[in-house]
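**Q** Residue strings, one per chain:
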Amino acid sequence: MTATTPALTDRVRDVLGSTSLDDASLRRWLHGLPGVDEVGAHGRAAMLGTRSIKTTSKAWALDLAVSMVDLTTLEGADSFGTVRSLCAKARVPDSDDPACPKVAAVCVYNDLVPVAVEALAGSGVKIAAVTTAFPSGRASLPVKLADTRDAVQAGADEIDMVIDRGAFLSGRYLKVFEEIVAVREVCDEAVALHGRRAHLKVILETGELSTYDNVRRASWLAMLAGGDFIKTSTGKVSPAATLPVTLVMLEAVRDWAALTGEIIGVKPAGGIRTAKDAIKHLVLVHETAGERWLDPDLFRFGASSLLNDLLLQRRRMRTGVYASADRLTLAT
Amino acid sequence: MPTFEYAPAPESRAVVDLQPSYGLFIGGEFVDPVDGTSMKTVNPATEEVLSEVAVGGAADVDRAVKAARRAYERTWSRMPAAERGKYLFRIARILQERGRELAVLESLDNGKPIRESRDVDVPLAAAHFFYHAGWADKLAWAGLHGAALGPDGVPLPLGVAGQVIPWNFPLLMLAWKVAPALATGNTVVLKPAETTPLTALLFADICRQADLPPGVVNIVTGAGATGAALVGHPDVDKVAFTGSTAVGREIARTVAGSRKKLTLELGGKAANIVFDDAAIDETVEGIVDGIFFNQGHVCCAGSRLLVQETIAEEVVGRLQQRMSQLRVGDPLDKNTDVGAVNSAEQLQRITDLAAVGDAEGAQRWTAPCPLPENGFWFSPTLFTNVSPAHTIARDEIFGPVLSVMTFRTPSEAVTKANTTPYGLSAGIWTEKGSRILWMADRLRAGVVWANTFNRFDPTSPFGGYKESGYGREGGRHGLAAYVKEA
Chain P
1 MTATTPALTD RVRDVLGSTS LDDASLRRWL HGLPGVDEVG AHGRAAMLGT
51 RSIKTTSKAW ALDLAVSMVD LTTLEGADSF GTVRSLCAKA RVPDSDDPAC
101 PKVAAVCVYN DLVPVAVEAL AGSGVKIAAV TTAFPSGRAS LPVKLADTRD
151 AVQAGADEID MVIDRGAFLS GRYLKVFEEI VAVREVCDEA VALHGRRAHL
201 KVILETGELS TYDNVRRASW LAMLAGGDFI KTSTGKVSPA ATLPVTLVML
251 EAVRDWAALT GEIIGVKPAG GIRTAKDAIK HLVLVHETAG ERWLDPDLFR
301 FGASSLLNDL LLQRRRMRTG VYASADRLTL AT
Chain S
333 MPTFEYAPAP ESRAVVDLQP SYGLFIGGEF VDPVDGTSMK TVNPATEEVL
383 SEVAVGGAAD VDRAVKAARR AYERTWSRMP AAERGKYLFR IARILQERGR
433 ELAVLESLDN GKPIRESRDV DVPLAAAHFF YHAGWADKLA WAGLHGAALG
483 PDGVPLPLGV AGQVIPWNFP LLMLAWKVAP ALATGNTVVL KPAETTPLTA
533 LLFADICRQA DLPPGVVNIV TGAGATGAAL VGHPDVDKVA FTGSTAVGRE
583 IARTVAGSRK KLTLELGGKA ANIVFDDAAI DETVEGIVDG IFFNQGHVCC
633 AGSRLLVQET IAEEVVGRLQ QRMSQLRVGD PLDKNTDVGA VNSAEQLQRI
683 TDLAAVGDAE GAQRWTAPCP LPENGFWFSP TLFTNVSPAH TIARDEIFGP
733 VLSVMTFRTP SEAVTKANTT PYGLSAGIWT EKGSRILWMA DRLRAGVVWA
783 NTFNRFDPTS PFGGYKESGY GREGGRHGLA AYVKEA
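Protein sequences, first through last, are from chains P and S. The first sequence begins at 1 in the working numbering and counts up by one. The second sequence begins at 333 in the working numbering and counts up by one.
Careful, some of the hints might be misleading.
Unchecked claim - Here are the simulated EDC-like pairs of lysine to aspartate or glutamate, each with C-alpha atoms no more than 20 angstroms apart in a straight line: (1) P:K236 - P:D63; (2) P:K58 - S:E337; (3) S:K764 - P:D213; (4) S:K666 - P:D277; (5) S:K666 - P:E287; (6) S:K398 - S:E361; (7) P:K276 - P:D63; (8) S:K418 - S:E429; (9) P:K276 - S:E337.
None of these hints come from the bench; they were simulated from the model.
Produce the entire structure from the sequences given, and follow the hints as far as they go.
**A** So, in structure tokens, the structure goes:
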């Protein structure tokens, strides 16, 4: 099986500089990318973590961070009730402050998409669904596509798919590539149904990829295959999003834009719980990919408890004192 | 959408208690200089006068050396080594406790960003005291072959050390000098740099706070003549100097033929060598850190960038992009990356050498960073089309100016890197381990960094080849410089 559309074939030929698309050509290309020095990447992330964001810039960054949250619930125990509650929180994060921005999206399992669609109607908050046998991705391609199609048909605006890490780590890059391409095609089916594409976020599960070289290669492979976003983690594997991982992925989208002109988004997910962490990530975005990416269309936080810490800090900026967490509403 | 402007985040000056004037620290007390002259020390970022500092004359140096001799003979050399160690541990802890005060004062007097004084200078200074405190009662096991031993088998101290330090890392260079001298049982007279005396004077206060016996550490501020008087004093047993090669030469002449032991840590023109398989993002960070750290006022700065021709264009492009993001300005702002040049004199030297670069045909590129109006500033600068024959490829600029050259093969890189009168440090950037070892074997430099740059640790000896000086500081090698030879 090879890339299905002529456009994709052309693009692969341009980027890889190879007419054949197979594991070997993908391997040559991915392993030809510059390596990542772990010590250096940690040092850079730590240095950017010392940036001191105060007063007006902090207020601005907090609002931006709220507007970038993909408010997430991905539990086996999720019910219609918890999803409705999540959606209510997404519409009005801080009931005491009408100036508080809405979050970017809610992120739920695909069977709960219809509940979210109903609860978020007219709000402008997007609905993201995790699919492709999330979180392990251990299912056949037809099952993954059916899983995705379900979510797309139910009205999901965004699809968060997982890559096949087993295939990636054993060098079967073509399988990873083709699965992303196939899921992307299902996302495109939304045009006929809803008049717009479903945006595709590709979860790399960096905690299982283990090295930064792998994170860089998986990022490029996902971008080549047509992902709109690259996302760090499912949140089910530790470590999830870390500053150095986000740094490497931001470098990837920056370099991809320089190469192809395409602007791909980045979504760190899992493990970002405090406003301080979120602001460190925004500094990273600002000083790595650049100003352009400081936009909810291009950068998201996959998180749940982060939102309330952002709101506490917003209140603190406004009133000068910390409010009790009991004053904030629960997400689920 | 508005841009992400970082609001000013200045560290508070309130933590520093600046005196309007300072005397000399001799015999455990601040005293006025005999002839009563003084000099002003200014904040290079604003040209504001911070304080007046005494200028020590020959008579003051003599008083200080006598105080040091007395303390050496009566107290310090007779004290059990474990007791000496306790004092050093105490000083190390106070350096940590008063870290913020020291960092702010260092940034005020020197112009370096608070991020560096806070995260590098002060913690490393404390680390040097902790490290040497541990050695104080273990010198017999330090493997100092060739040292003269006392009856207990412990290497013997030299006596009084005269130490002259530069303005680029005032407190850190003090720590590099004072900690090993005291740990091995010597007493010291230290002459801080003319433009940056304040943290040394605060250190004097820390010595008192630690109850260090009077005279063990003496600090005589002043300019070149003060240093010359110290180096030339007949009762000094050991001279340690960090600074320019020109002054180092004079000191070597002065000391020649005397019994004084000498270590010199002088200039450098380090090659930072980038191969085409290097981890490119971290390499660019390393190049930036190598030359713009501390405004390039670093003797081991990676001021000559040697890039493999295959990736030269890409590296220069990425470097320019990265340099454009450097935040140049108020040293006390926690988000500042590059601070002020230390003095008008140094700014003039950098400006002149950069102009020679233009005149000799190199291509200048200046980072578009806005500069403050007052104070001494030089934008991060890159020169391409540099030939090894150019002045900016040979002379130490000691400022934020990087000269970029190319090479084609590893042996060409080695030849170009070694063709310099200096030999202090070098950097190698490649993902290939065997090449790192091959290169490091052939580079004539005291320190060779691989896939990093400007990393320091008290356990690691630091020092140069050729005109970068002789002797090592730090590690066991550094201890050897402060004990008697058999």
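**Q** Please go over all the hints and tell whether each is borne out by the structure.
**A** Hint check:
{"no.": "1", "hint": "P:K236 - P:D63", "in the structure": "violated, 27 angstroms"}
{"no.": "2", "hint": "P:K58 - S:E337", "in the structure": "holds, 10 angstroms"}
{"no.": "3", "hint": "S:K764 - P:D213", "in the structure": "holds, 15 angstroms"}
{"no.": "4", "hint": "S:K666 - P:D277", "in the structure": "holds, 18 angstroms"}
{"no.": "5", "hint": "S:K666 - P:E287", "in the structure": "holds, 16 angstroms"}
{"no.": "6", "hint": "S:K398 - S:E361", "in the structure": "holds, 14 angstroms"}
{"no.": "7", "hint": "P:K276 - P:D63", "in the structure": "holds, 13 angstroms"}
{"no.": "8", "hint": "S:K418 - S:E429", "in the structure": "holds, 16 angstroms"}
{"no.": "9", "hint": "P:K276 - S:E337", "in the structure": "holds, 17 angstroms"}
Hint 1 alone, counting from the list given before, is not met by this structure.
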